[in-house]
Amino acid sequence: MKPSPDMKQDVAEILLTEEEIRAKVAELGARITADYAGGELTLVSVLKGSLPFMADLMRQIDVPLRIDLMEVSSYGGAATESSGLVRILKDLSAPIDGRDVLLVEDIIDTGLTLNYLLRYLRGKNPRSIKICALLNKPARRLVEIPIDYIGFEVPDRFVVGYGLDYGEVYRNLRFVGVLRPEAYEEPSQP
Amino acid sequence: MSEPEAPREPKPDYGFAHASEAELARILDFYQVAWEYEPQVFPILWDLEGNVLESFAPDFYLPDMDLFVEITTLQQRLVRKKNRKVRRLRALYPHVRIKLFYARDFRALMLKYGRAALVSELSGTVGQFAPGPVEETIDGSAGDLSGLESRAVPERRSRSARRRAARRAAAAYAAGSPSV
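Chains as they are written, first to last, in the working numbering: chain A, 244 to 433; chain B, 25 to 204.
Just chain A, with the same shape it has in the complex (with noise of 0.2 Å):
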């Protein structure tokens, strides 16, 4: 289904409002400063769909800092079946070894994507890896990985916004929502 030309009718209730989104993320960035004071920090942000996240929360952290970025394919994607295997589609572009680095997630639900990045990234030599991420699903997790710093706990529903998207749409929108299944959902046949 095409998504409205208001993207906003997609969404049947709005979860976490821009105000919110803002005061946890400067929350988030408080904290993760006071942890890492003294010290430096690379960000590493997992495209797409942690791009606004990474970048209103490296505003808010007042440590020097390096940023990379990371993107892996997924499951049912177009590397799906060329391989059968998670590939990392674009590496860190400088190396991490003996540095402390900061995993930044948009949302975590299964835990697999996650659990693949912080092997793949531990094989690099960092001093450390911490984890945080803007959403927390518990509810889907199949990997159990401590989470460092998480800025909500979302229920068990299909989120957009914010970064997240359904079908590479809605990304843009300003607020956490969720999304109306006549969204995703093929209409019944008669």
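Keep in mind that the hints are not guaranteed to be accurate.
[Said to hold, decoys possible] Pulled from the structure, derived: some chain B residues nowhere near chain A, Cβ distances all over 10 Å: (1) TRP70; (2) ASN107; (3) LEU116; (4) VAL120.
[Stated by the list, open to error] For lysine-lysine, the following PhoX-like pairs were computed, each having C-alpha atoms within a straight-line distance of at most 25 Å: (5) A:LYS333 with B:LYS136; (6) B:LYS136 with A:LYS251; (7) B:LYS123 with A:LYS291; (8) B:LYS136 with A:LYS245.
Hints in this document: simulated from the structure, not taken from any laboratory. Glycine residues also receive a C-beta, built at the ideal position from the N, C-alpha and C atoms.
Chain A is fixed; fit chain B onto it per the hints.
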């Protein structure tokens, strides 16, 4: 690029009773998560002579997470029996970690991976590869769990038993196709 170690070779002799199980196996393979299919049978009900009346073999075991996963894509109102089995398993084997993956969880997973259109053919009765063995019908409400802990020893399912249980559907996973 030093990627994580490659996963195992495909296991064409791993059969699945249901298309949703094959799909979950493909997802786990994709993300390089080790899994075993129905590796253990847990007795969960005995008669007075100590004979096992009812057992439960969760679909998957994820050794790296020490987690069993049972997937059911039946409609929510039909999963009472499965819920009861999981409750008994947890009561009798408190050290065992198990996650029950419901139809709504599977549906959400498919939606997340852009495969929502496949849900109907991977779920419920339609997704069954072949009629399975008749499930026991003992109502769990009759069972008293007290005093049973000493008999609660999971069995390692024999290879032949696993193969018998799985033989019906091996081709689907080997083919790597979500179609039934």
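Give me the numbers of the hints this structure contradicts, sorted from smallest to largest. The structure breaks only hint 7.
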